[in-house]
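K.L.:
Protein chains in written order, with the UniProt record's numbering: chain A, 1 to 163; chain B, 1 to 103.
To be clear, the hints were calculated from the coordinates, so they are not data collected in a lab.
Take the hints with a grain of salt, since some may be wrong.
List time: in silico BS3-like cross-link candidates among lysine-lysine, alpha-carbon distance up to 27 Å [what the hints assert, rightly or not]:
| # | chain 1 | residue 1 | chain 2 | residue 2 |
| --- | --- | --- | --- | --- |
| 1 | A | K52 | B | K67 |
| 2 | B | K67 | A | K43 |
| 3 | B | K72 | A | K73 |
| 4 | B | K76 | A | K96 |
| 5 | B | K67 | A | K96 |
| 6 | B | K101 | A | K73 |
Keep in mind it's a predicted model, so treat the numbers as computed, not measured.
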Amino acid sequence: MTTTTGAHPTRRLILQGAASVALLGLGNLPFGAAPARAAANDKYPEEAFKQKNEADAIKALYGRTAEPSDKVKLDAPEIAENGGVVPISVTTSLDKVTSISFFVAENPNALAASYRIPEGTIPAVANRLKMAKTTRLTAIVEADGKLYSATKEVKVTVGGCGG
Amino acid sequence: MASSIRVRATSNGDITEVQTLIQHPMDTGLVKDSKGEPIPAHFIQELKFECNGRDVFVADWGTAVSKDPYVKFSFKGAKKGDELKISWTDNKGASDTTTAKIA
Chain A
1 MTTTTGAHPT
11 RRLILQGAAS
21 VALLGLGNLP
31 FGAAPARAAA
41 NDKYPEEAFK
51 QKNEADAIKA
61 LYGRTAEPSD
71 KVKLDAPEIA
81 ENGGVVPISV
91 TTSLDKVTSI
101 SFFVAENPNA
111 LAASYRIPEG
121 TIPAVANRLK
131 MAKTTRLTAI
141 VEADGKLYSA
151 TKEVKVTVGG
161 CGG
Chain B
1 MASSIRVRAT
11 SNGDITEVQT
21 LIQHPMDTGL
31 VKDSKGEPIP
41 AHFIQELKFE
51 CNGRDVFVAD
61 WGTAVSKDPY
71 VKFSFKGAKK
81 GDELKISWTD
91 NKGASDTTTA
101 KIA
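Excised from the complex, chain A in its bound form (with noise of 0.2 Å):
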């Protein structure tokens, strides 16, 4: 977005400040500055898990949206037999992890779980979840006050033979 040359210090700071403008405008939240959400405070984010979609309720848990990172490690079998209960694991090799949350696009509410991680704690769950049908699975992992994701296809497979 900025294309800082370095040879202007005053330039460059016009930028950076226009830059961190753009994004408490962007963020339109009623906490300012406050980073993103919600990792911090200590309420269960029920409006985030009311969304239907995908994209909606990453803006309600966040109020941003994230980047693909090769750094999110988000492991799920590529065919689910039983759709009632998927093994998913994340793990990433990011810095400063705040939390780490799964979306399953096709489900009625894509927010499946959203997890806390304090300072000290791994950055790496697995857990279980449910699946209404095909779906693209997203990982969300907060890192030092950024959002990186990774995603992937699981196919659930209905009635049974794995075909």
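Assemble chain B onto chain A, guided by the hints.
P.N.:
Just chain B now, kept in the frame of chain A:
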């Protein structure tokens, strides 16, 4: 009543690995019973792990977490014999708490 929470916390040097299995129906509110009546939503909303007076892991769950939920994580800063306190509350206000010794 026996606790709904089963925990295994094992220390491996500085890192403690915690595996938890909870008995809970985790009903979504979308499924109907044999008479065609919808089964009301009933699911765990918050699951908290505390060790030595601080939260080490907090889960916020929706209805998409599987029945009898399982979760695994690891944390630093505890040693063998320390107590880990686990508690959950669901959307109907029910809750359960248990403590486990780190082995």
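K.L.:
Now look at each hint and say whether the structure bears it out.
P.N.:
Hints, one by one, checked against the model:
Proposed proximity of K52(A) and K67(B) is supported: the alpha carbons are some 21 Å apart, at most 27 Å. Restraint check: the Cα-Cα separation between K67(B) and K43(A) comes to about 23 Å, which is no more than 27 Å; the hinted pair holds. Our distance criterion of 27 Å between C-alpha atoms is met by K72(B) and K73(A), whose separation comes to about 16 Å. Of the pairs offered as hints, the one joining K76(B) and K96(A) holds, with about 14 Å between alpha carbons and a cut-off of 27 Å not exceeded.
Between K67(B) and K96(A) the alpha-carbon distance is near 31 Å, which puts this suggested pair outside the 27 Å criterion. Taking the CA atoms of K101(B) and K73(A), the gap is near 31 Å; set against the 27 Å cutoff, the hint is violated.
Checked against the numbered hints given earlier, this structure breaks hints 5, 6; the rest are met.
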